[in-house]
Each structure stands twice: as structure tokens, then as C-alpha cells.
Amino acid sequence: MDRILIPDGVKRCSFPIFSLWILVLLGVIGWGIAAGAAVLIKALNLTGLNDYFGFGAYITADLAIIALGAGAFFSGFLYYGLSKFFPSLKELGKIINLAVVVGFVCYTGALAVLLLEIGQPLRGWFGYWHANVHSMLTEVIFCITCYAIVLVIEYVPLVLENRKVSESKPMAILAHSMHDVMAIFALTGTFLSFFHQGSLGGVAGVCFARPFAFREGLFIWPWTFFLFILSAISSGPAFTALICKAMEIVTRKRLVDRTVYELIGKIEGGLLSFYMILKLADTANWAFNMSPRFGLKLTDYYWGPYGLWLLIAEVGICGVLPALILISPKARKSSFLLFGAFLLDIIGVSINRFVMTIQAIAAPVMPFDKWQVYVPSVYEVAPVLAMLAYCALVISLSYRYMPLFPRETELNR
Amino acid sequence: MQFAAGAVGGTLLTPLPWKLADDSAVWSQNWSWRPSPERGEITKVPSVCTLCAGGCGIQARLVNGNRAILIEGNPANPVNEGSVCALAASALQFLYAPYRVTQPLKQTKKRGDKTGFQAISWEQAQTELSKKLEEIRGEGPHTVACITSSRRSSMDDLWAQFFNAYGSPNLFKMPSECDASKSAAQLTTGNSSTFAFDLENAGYVLSFGANLLDGCAAPSRASGALRRWKKDRYPVKIVQVESRASITASKADVFLPINPGTEAALAMGIAHLMVNGANYDAYFVKNNVFGFEDWTDSNGKKHQGFKSLVSSSAYTPEQVAKITGLEPAKVRELAKEFASQPKALAVWGTGRADVSNNTYHELVFVALNALKGNLKPGGLIGLAPKAPLSELSAQKDILSENSSQQPRLDLAKSQNCPCPQNGLYGFLDAVSSGPKYPIKLLMVHEANPAHCLPENKLFAAAAEKVPTLVSFSSFMDETALQSDYILPDHMALERFDDVIGIPGAPYGYYAVSAPIIKPLLDTKHTGEVLMKVASTLGGTVASSIPWKSYEDFLKFRVEGIAKAKAGAVIDKPIEISSIKAGDPVTSNYSDAADLFKKLKAGLCWHDAPSAVTFDKTTSGKLELACQSIGKNAQSSDDVIYLPHFAPLKPSGSESEWPLLLVSYSSPRVSCGYLANTPFMNKLIPDSMLAGDELFIDLNPQTAASLGIAQGDQVKIKTTQGEAGAKANITPAARPGVLYIPRGMGHKAYDEYIGNKGVNACQLMEVQLDPVSGMGTVWATRAQLRRV
Amino acid sequence: MSEKGHAQSNIRLGMVIDLDKCTGCGACSAACQAENNISFRPDESNKLRSISWMYIYQLDNKKDYPDYKIAYLPRPCMHCDADHHSPCTFVCPVNATTRDENNGIVTHIYPRCIGCRYCMVACPYHARSFNWWDPTWPKPMTSMLSPEVSPRMRGVVEKCTFCHHRYNKARAKAYVDGTDPNKATYNPACADACPTKAITFGNLLDEKSEVAKLSKDPRAFRVLEKLQTKPKVYYLSKQDWIRNLADNSLT
Amino acid sequence: MNEEKTSASGKVVGVLLFVLGFAGALVLGYLVFPNLLYSQKLQPLNFSHAAHRDNDCDSCHKFRPDGTYAGIPKISNCKECHESAQGNTEAERILVEEYVAKDREVPWMVYARQPDNVFFSHAPHKGKGVECVTCHRDVTKEEKLPPMREDRITGYSMTTMEMTECEKCHSAKGVSNNCEVCHK
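Chains as they are written, first to last, in our numbering: chain W, 788 to 1200; chain V, 327 to 1113; chain H, 54 to 304; chain S, 9 to 192.
Please keep in mind that the hints were generated in silico from the structure rather than gathered at the bench.
Stretches of chain H that chain V covers, calculated by requiring three or more beta carbons in the stretch to come under 8 Å of a beta carbon on chain V: (1) 74-84; (2) 105-114; (3) 193-199.
If you're wondering where the values come from, they're calculated on a predicted model, not measured in any experiment.
All residues carry an ideal CB built from backbone N, CA and C; glycine is no exception.
Please model the complete structure; the sequences and the hints are all you need to start from.
Listed below in C-alpha cells is the structure:
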């Protein structure tokens, strides 16, 4: 039915099956949109947020999804920027399109959820117009917006490569000329993205009256700026790879060469190890140097559901462990270990974003203050799930109708 | 497509999109459903607060003279010195309450049915009330009764005047802590007044359960005293004796935890040690106290004196320790300290402002202060002086003369009390259980007995027997809801009223509360309704109440002060507690009109304290052996004349009801006639209320033995009733004792006020004091279990 | 600019609250609500969503009966004077909350606020409340709203302003009276209301003011001094257990 | 889709269409939109400032003792002279019959009304010597009150001073531009 839209030489599942899948996704999106509309109309009392938990599921999901979407800019950076010097990085070209799509959906999805998060969406543009240059959030707003625009520009040529669209000559020319300048955009995007991953880290790190989140004393303040960049680039490509793997499983096809996965594994292994070293140093500094200065002990930060297990999970099981796996060339050979490590890696960074958002404010600061527990409501869960469904939807459509994987035809011959 | 591109490009160059974006933001800043307060000239109007008996000076801020926006303290007032309490700060929420009664109502369906209220005109309301009163008067005027507030206001006297002229003795007040003080003052000094405490000048304060900071009868004055006690240099030591680690206990320097209701035993123990150690004011006792030594009555019969009673083995530190739960050494230490401290004052209370105390216990505290010499002239305890207001005297006709033969209904039953006082409980009891004569019409004014009278079911039972119930409430409260007629009074800020003295204050005080604003609704001053009704009834009733307006009536009352040339108006800030008994206070007003003008402008009148006089007693001394108790006594035991520890046993057995339930008041919860305000709801901690669930406080030890955890849903059952609640485990509670806050659990009003927790009054047991016949409340036997 | 990183003036408005005198009666908080048009809802028992500019914390000494003692700590906005920025003013993306360096008041402007709640996250004192609902009043009670403070709309943050509208009014009056507006004094509603006069307010930099003297009292302390937030709200207490609750390491 | 054929004339048409769209948008944005956005309301009655020229401005527009500005006078102020009709204009008739006689305030619409969130005090401005006409229209010769133009979305008067104007003057004069100076 949609034969003419499907790229040449590739096989796709039958249209009815695809429609069914799309309908499911649309259902989730519809549910999320309904919940989001309810929040916009009836205000934020529908959420599980309160005066203690000013930030909740929306922000956590945004931070996590943006970190994971970092695969786009970092792969782009490696491919367009560094591959001139390190030819082995050319391999990444085989997955770069998917990385761009993933980045695009993550960022646009995050922006949509961000609109729900603020109490006065109609004044959202104040962030640009009345910006406070000191605020990390201002940086976030600017960078996310700019980078989302960059991603749109990067995504458009992919759309233009659709068989039907590229029949139109001006479109083909446009696509071609956009491809030529893609490197510039990719590098601009890299800069922007580095910057805002950092500012997202800064959002927590600059709260100098929140000892859980505040970081200073190591390198440049706020130190979390760099930790967030590192953690994002050490997990974003892993996320892209994992999505690719998932697509391979679902479509029962090979989409990229295994060497690509192993290359990503190698890069991520190195970065993650570096990140872990810094993170451990940071954690030690925070726990044994900074906190005592604020009159707090490490155990003061952990209580009830927000137990020490979070730290162990984040830094140990989902940090050091995948790092060790990924730097070992032998372990990378095992699919189980390779993709298992990718999974742990992205869980680790998600926990990090959760901890820096939710736990940072759950932990009482005043001695006579009490711990509180945050439970998101369905009005928060639904839009977040809808955002994920939106990601899946765009990826599905892109995969079906655009030549995302240059090697797909060859690999499945 | 090109057209669209051009249009987009062009539009971006016009102000349209930018102006719309800006306007949408501005729109969000001025949403039409967000109220926009009317602007205008802001003025301040002084007045005096009558929401409780505290007598604070207030001032209201008005916009354009017709919209009150804030109640503040009046800095010119010596009692509150510019401060306000949470209740007064939110007083406007009563004025603008959605649950106000907007006009006279008549119940046309079953009592309590909100939909049955039919709006009637004042003309009709007053005519029907007058007609009823006229009819009943012919059959016997004593069958009309009234329950009014326990504030000290000329309204009380107007009611009394009306009832005297009309011919019914059945006028009752809601119970008050002062009732017992009045009884004790009557018995020991022969004066019909209450004891007054010079808190501000005390050098050491020993408080036997007085809830000075937990919502007492005169909260502003207590707060002012605390401020003076907590001065930087030589602060005053405060010792709090009670069972709960209350706010007062926490602010005190020493908290002595005792079993609930055993304060008087400890006082006896201290007296025991003072007497045995000859460490008391022997000179004062010898010359001014009767009954300290053994005494002989007019029949020549010899009786035991207080000295021999208190020094007996019943009140040794060991015995007292056993009763109170304190260590004997603590009792000794306390006695030594109290006896040796100059200017040591013992104050007392039941921990609540709105219920009477056990008379014998009241006498014990008087005795302890007597031993300390505090009742001598210039001492720390005096008698509350009275403002010399014009007296009222009712003219009587044949009907009222005849009916005055009829006994007051409470007395008809509890005639055994030797010293009967405001017997509301006796009255309610009599009405509901075969009275000597029926009550045909019951009026309720400024009171909400259906909710805030401990053991409130007694009121419900009595109300059932009364064919016509008339409420004068400004609000649709629980009692108004049960009434056949509601003749709404103005809200306190809309009407003339006055404050005659401050409970427990040694200085004379009088203030007029002038309206801050014109009445908002179709309401009428109850005083003026009485005047109208009286004039309709005609004859001596009309001539006894000749005033046309309540303001005229107050003018008449103030004339008395002017005539006596007594006291002075406070027109500049003074330290009122520095005036000693007998100090001259020179009047600073020219005549009655001038005085009233000043009072109306929010200034208050004051007079020097008055020392305790004993010339009205049989012996001409302070009677520790209260001879008047003997008159109706059934027992011939000598102890009945003397102050002693005589707890009234709560009903039920300890084995069946292993716990005690004690109610407490909080300054953040209004627990009298006035319900809480939405502002005050914000102040209620989440350890007291969660949604509509009230927390009952219990000690961790008690909780452990009952297997109850923090926040558990529990069922509390007392000998009086049961209710569901949540458990709040706190070391503020004494083991074995449960604590419940008062003032919660309203069923009437609106969604902001109603259905919050449990009404303590439905769980508490009232016991009648054998001396005064008044209801006392201290503890109720209870069970608690997790559900 | 000085070493402190912000312009210096000779006015720094601050507050001293004597906890030994505070009885937790709630008058300050009620007066604050009336003065500042603070909205309320039928159920206010969820303190995590209850708007309160002057929240009264109950402290206890964590001992068992009968040594158990409570105290109350009224918490207005601390108007932190931290170098360069207060925790909240530093993070607001739209300059809705700023510190006026002329007098030290940390202000929050509702029409500018976009409701991102970042300031609430940054504030360790929970001094800020969010309008989770459209503020509404039972109909007759709209009559008691003050025109001197604008009612908020939903979706914005609000907090104690030290009643800066009273300050503005005092300054305006000084202009009309021909006196120096920089010497204008005023009291916020809470300080006026306090029945034990536990709250003192004034210029911390005016050596002769009561508030300056009290802030240097040996009993004076601030909450979370170790975080370097430098609150302009001081507390007084003689009792060690209360003073120890000021900072985490002390308990 | 036969683009090659139509390309030449198509381009011309395209440019024309673009210009048309562009011009249409400009007309809409600059001429139609403001009239749609702002309503026009007339005051309840006409007031001629010119006719009151022999009075001082201060005799009607006064300061209150607490330093606030009374703004438009109350009916009691009008009553001082207009207890009975002073002429036979329609405005005079409305004033006397509808307001003075019934003792009702005239519901004047304020051209410079600021929203609730703005604190504006005339006192410091007057104290610093700012002339009335710096911010308000010159009314000395005004015979007829202009219609009130109100933004339909925001409810603001078209002549309400905007924040940027306040800020400009404040910074020019070295006055604080801190938020709470003008917001409440």
C-alpha cells in the first residue's frame, strides 16, 4: 500500500502490521496528550509535585532523555569532526542517521514535556526575552532550543531522502546541498549540546544551598557541568546502539555491521571509565570533604526508598561494572556482555539524573526538616510515556520510509 | 504556497504576532477569574475585640470606608500593646463568612433540616417571638430559658434585666473557668468576684495546670506576662505542673509531669511541707485567716482546721508522690523553692478556659497562696475590681413576682449543692429528665452548646424536650441549625458591645467595642431585639428596658463610671501592671458623654487593682474553713469545710477502660462559640489533622503496648462515646493518657470549616462538682485500638 | 561593587525572632495571610501544598517524656544575603526573583514568574510556595482582599516579601512629609501581630536599631549558617538544644 | 506536477503572490489588527477639563495624608459645586441626576490605570519634580474626554504606561529599577 514510499531494495513488514504498531503508539501518545492537556487546563495540582518536590518526573525524564539523546551530537562530532583524524571513526557513518533521528526525537520530545512542567506556559517565552544570564536554566532553555533547531535541520535531509520526496528535483537539490553543510551543523550542534548537557548538570550543581546537589572545589565550579557532559557522551551512543540492536531484533534483519557496535563499545568503554574515575573522585570529595563542611554525613543523604542502594547502583553496578566490561576487547565480543553493559550504562545515567533531581530535594537540609517521598501521578507518567511513544513513532516511520542504514541492503542480501 | 510564504513573512514584520504573544502573557497576569481588590482610600478604625474575653484593642483597616481588609492590634491598648492573636487576625473571615445567617429564618420542616429554613422579615420574626413570649408569660414566665455566652459584657446584664422583668430565673451562661474562681472567692472572702493574679509582677510562677500559653481565657495578657518573665536580666522562673508537655510546659523553666487531675494533691503536699516546716507567712495567716487552726462554729461545735488537715499523714511528700507520680524529693525541692522565693505566685487552671474546676481544688490553691501571704493587701493575688457601671434594676409586675417563687430549674434538682453557681449542666439535665416544670422556649445567644459544650449530647437531649428553640447566632452553627428560629445578631465587628474586666486581671478594665463597619447583612443587634420585644410586651418589662438602641444602653451604663468619677481613660501607652492596689488613678474625662466618646474611639478605661477584702465573711477573715459549705452539707465530716484533694472519679472501671482521655486546647484552634477560620486551618499542624482525620496524641510507650504505629487508624471509645481517628505518637503525652485537641469536628458551617476531625466534647465526661453543682471536666476513661 | 560581590547600601532590612518568647500561637502567620492576600483551600492539612509565607516549624529536643520539650520556629523568607546572589535569585531564569541591593529584600514578582519552580528547589528553607491551584476565595471573602498586595494567579511561586508594600508606602509618605525616604521605617504584619513581641524588624546596618543590637546578641544564631546563605533573619535562644538545631553538625 | 512548463510564468505568479501575501499581512497587522484588538468605550459622561481651568489641579487630584494619591475625585468633590445643575449640557444633566442626586460615584474609566500587580506612587515622582504631562496627556485645553481604548485580551488601556517606559526614565534618572519598587 505504501510501497512507493519505502526505500528501494529493502524489505519492510506488511502495512497492516505496521499500522497496528503505529496505532498502539498513537494510542499512548493520545493518552499522554489528554493528560498533558488536563495539566494545562486544570493546572499542576494534578501532578504528584508539591512544594518540596518542585521538580519531579517531567524534569527527570527530560534530563535522562536528553542525556541519552546525546548520542546524536557525539556521534556527529566523532563522525564529522574527528574521523578526519581517526579514520576508524568513519565506521560510525553506518549508524549516524539513526543517531540523528534519536537525537531529534529526544530533544523535541523533551521540549514538549518542558512546556507542561512550567506553571505558566503562556509565559514560556520570557525565558528568552527576560533571561537571567546567571541562571543555569536560561542556558538550558537557549541551548535546548538552538540544538533542537539544529537537529531539525539535520533531520530534514533524511526526510528528503525518501524515495517519493526525492523525486521532486528542488527537494533533491536541497537534500544534497544540506548534506554538504551537515558537518557545520553537526559541529555547531556539538558545541551547543556540550554546553547544555553541562548546564543541565549545572542546574543541580549551582544550588549552593542544597548540599546534595551542590559541587565545588574540583576544577571549575559547578563541577557537575562537566560530569553531566561526560556521562551524557558516555551513554548517548550506547543508547543509539541499543535502539539499533532492538530494531534488529524486531525487524529480524541486520542493520549495521557488528564492528560498529564494537567500536561504540570501545568508545563508550573509554569514556565511561574516564567518567567513572571522575565521578568516584567527585563522590569522594562530596561525601568526605564538602558535606562535612555543611555539617552533613554521607548517611544523612540516604533514607527509606532513597537508600544507599541508589549510590551503589549508579556508581557501582551501572557505572564501574559496564565500564570494565566495555574496555575489555574480549568482553565486547560477547553480545550479551556488550549490550548488557550498554543497558547498565544507560540505567546508570538515568539513575544519576533521577538522583540529582529528585533525591537532591527529598533530602532535608534543615536539621528539623523531614524526609519526603515523591510519587508521580498518572498525569506525569502519561505524558512521559507518550514522549517515549512519540520517539518510537518517529523512529519507526523514519526507518520504514527513509534509508537510515546505508548497509542495510547489503547486509540482508 | 508563495502567498502563504509572503503572508508569513509580512506578518512577522507587523506587531501582530509579537503583540499577541505579549498579550497572552499579560492576560495570564490578569486572569479575569482572579479577584481584583477594589482600590481606594485606606483608613484605620479603632475598636475593641469581643471575640474572646481577652479585651484587646484592635484597629481595622478599611478601603473606602466600606470594606474591611485587616484587623491589627491597637498600640494604644495596654493589654495587647498592638498585638493580635491568630483568631483576631482572622476575624474578618467571620465578618465575610459564607456561613453567616443573612436574615431571620424560620424552620418549616424537621429541626436540623437546612432546606427547611424559610426567610422571614424582622417584623415577622420579632412579632412571632414577642407573641410566643407573651403567651408563655400568661401561663408562667419561668418556663422561658436562655443560654448565653460567658464573656463579660453588658449583654449579660441586659439578659438578666429582661429575665428579671419578664419573670424567669432560668438564665444560664456557658461554663467558664471563672465560675470556679468565683465560687472560691465567694466561699473564702464572701465577695462575688473572681481572683486576680498579678502575673506581671510575680518573681516566681508555679502554675498548677494553668494553660497560660495554650489558649487561656485572656491570651494577650498571658503573652504579655511571658514577655516580661523572659526578660534578659533576672528572668522569672516558671514551673509548670501538668500531665502533658504542653506549650506552657515547654516555655517553663521546669516541667513537673504529674498524673492528670492531681495538681491539687501536689499543692497540698507543698502546703504540708510549708506548714510542718513553719515556712509560711505566719503573720498573715494568724491575723487574717480563719480555719487554719481548729475552729468552733456558731453552735459551739469544734471542727478540724486546715493546719491539722494538711499536716496529716495524708499529704506527706511520699503520699503526694504516690498520687501525682512525682518523686518525693521533687515535691520537697519544689516546696522549698516555692516557700523561699519572694514574690512566688501559684496560679492554677484546668488547662481549659471554658469549664469550671473542682471547687475543693480551687480552695487548695487559694490556701497555698494564703500560706505564701499572697492574699494580703499589695500581694500578688487580689480580687478583680468591677467597673462602677450603672446598675440595672428590673421592675416587677404580678406575673414576675409570682414566678419568682419558682426555683431555678437546675436548683430544683441539685439543691444539695451548698454553694450553687451557674448550673447549666443541672439545668440541661433537669430539662431532659422529668423537670419540675417544662421549658417552653429556649433562647441561645452567642453560644454553640450543640458543639462546644463538653458532653454536648446533654444539650441535644434537653433541646428535644423544648418545643421552641431560638438562636441569635450570626452563623449557621450546630445550635443554629437545630433551632426553630434564627434571629441573626450582627457579627462582633458590626455592633456595639463592651468588655467588663479581663479574666484574672487585677486592674479594673472597661472598654466599648464600637462597630468598625455598617452591618453587611439583614441582621439585628440581639440587644435591640430584646428592647423591641420588651416594648411589645409592654408594662413593667417595657419600662425595665427603656432604651431604643444598644448604644444608648451602653451610654447609660457608662454614666455610672462618670458619676463615680472612677478610673481614667488610657490615652497614651502605659505599663498598666505598674499600678498597685490603692494607687490613685485620676479621672481624665469631663463627663459621661466625654467618657463615652473616648471609649467609642477605642480607648479603654482602667482603674487601680483592689486588694482582697474579708469583711463580708462570717469571721471577717479569709475563710479556709468555709462555713457556708456547711449549710446544706449532708456529711458531718470536718473535711467538707476545708480545702483538700478530692478528685471526682471518672465513671467506668480501670480494667475495662485502661486509658484516660484528656482534652487540650491549642492557641491555633478556636474552641468556643466561634469556629476555626480558614486562616487558622492553615496553622493546624499535620500532626493534629490529616484531611478529615484527627490525631489523638499518645506516648510511644502506650502505643507500643497497644501495637499502634504512627499514623495508624484507631478507634477511640470512652464511657461517653466513640470515634475514629489517627494515632500521633509523641513524647508530649504521658504514658497511659490520651490527648485530644478541642474545637475540631464541626458538622455545620461550610467545606472550609466542617468535617475536620472529631469533636472532643462528644467523648468527654462531665462530673458535677459537689460544692457548686457546676460541671467539671478533667479526664474520661477510654480504650483505644487499631482498626 | 564590594568584596561581597554586590553593591552596598546602608540599608539591610532584617528580622530577629526570639524563640524563647515564641509560643507558636500562629498570630504572625494569620496576620501575614490577611495582610498578603494569601489564598487558602478547604483542606490545608497537606503542608506540602499549603501556601504559607510564615510557616511555624515545631522543634523538639528528641527526648522522652517528661524531658520532652517543644519550641516553635516561625520561618519567613530568610532574605539570604549570600555573596553575589541568594540561592533563589541565582537560579531564576527570568529575573522574577531578585534581591534589591538597596535594602536587601529578596522580591518575587508574580507577573514575571513562569512557574518553573527552580527557586523552590534551590531554597533549603522551603520558604517558597507554589500556586498549585487557581487561588479562589469563598465569594464574600473576596471583600477582605487588600488592594496593597496583588492576588496571585495559579502556576506561580510566592513567598514572604518582608511586607515590602508597607516599605513602599512608608517611603511614599516620607516624600509627602518631606522627610528622608531612606530613613523610613516600617514593621511587617507578623512583627506587628506577635503577642509576645518576639519579632523585631528593622535595618541591620543601623547600629542604633533594636534589630541590629539583637542580631549581635550572644543568643543570636541563623539557620544553616554553614551553607553560606547568610540569612537576614536571626533567631534568639538561650537553650542549647534549640541553638543546636540551627545546623546539622550540631545535633 | 508538470513544473518545467509553467516555470517562467509560474515564477512571475509566484512573486506576485508573495508580494500580495506580504502586503496583505502588513495591512492586516498594522491597520486592521489594532482596531480589532482595542475596544472603544465612552466615559459615562463628558468632563471638560477646559471648563474647570480656573481651578488648581490639586483641588481635585489630591494626595491623602498617608502619602497615597486619590486620583480621580469622588462625587463629594463634584458636589461642592454641582449640587444643582451648573448649565444645561447633557453631561451636566447626567452628573446631577444620575450621580449627585443619587449619591453614586461616577464609574470613570482610568486611562492610565495600572494592573493590580503594579505599585505606583505619585508622591516620589512629584517629590522629584516630575511634571504631570510627562506621563499624562495635557488636559488644560481639553473639552471632550477621549474614548477609552481597552485591549480586549489584557484589559489594559491603550494609554497605560508600559514597564519599559518606566524603566527607561528610572535608569535615566538613576532611580532603582528593582522589581519591588514598582510591583506588589
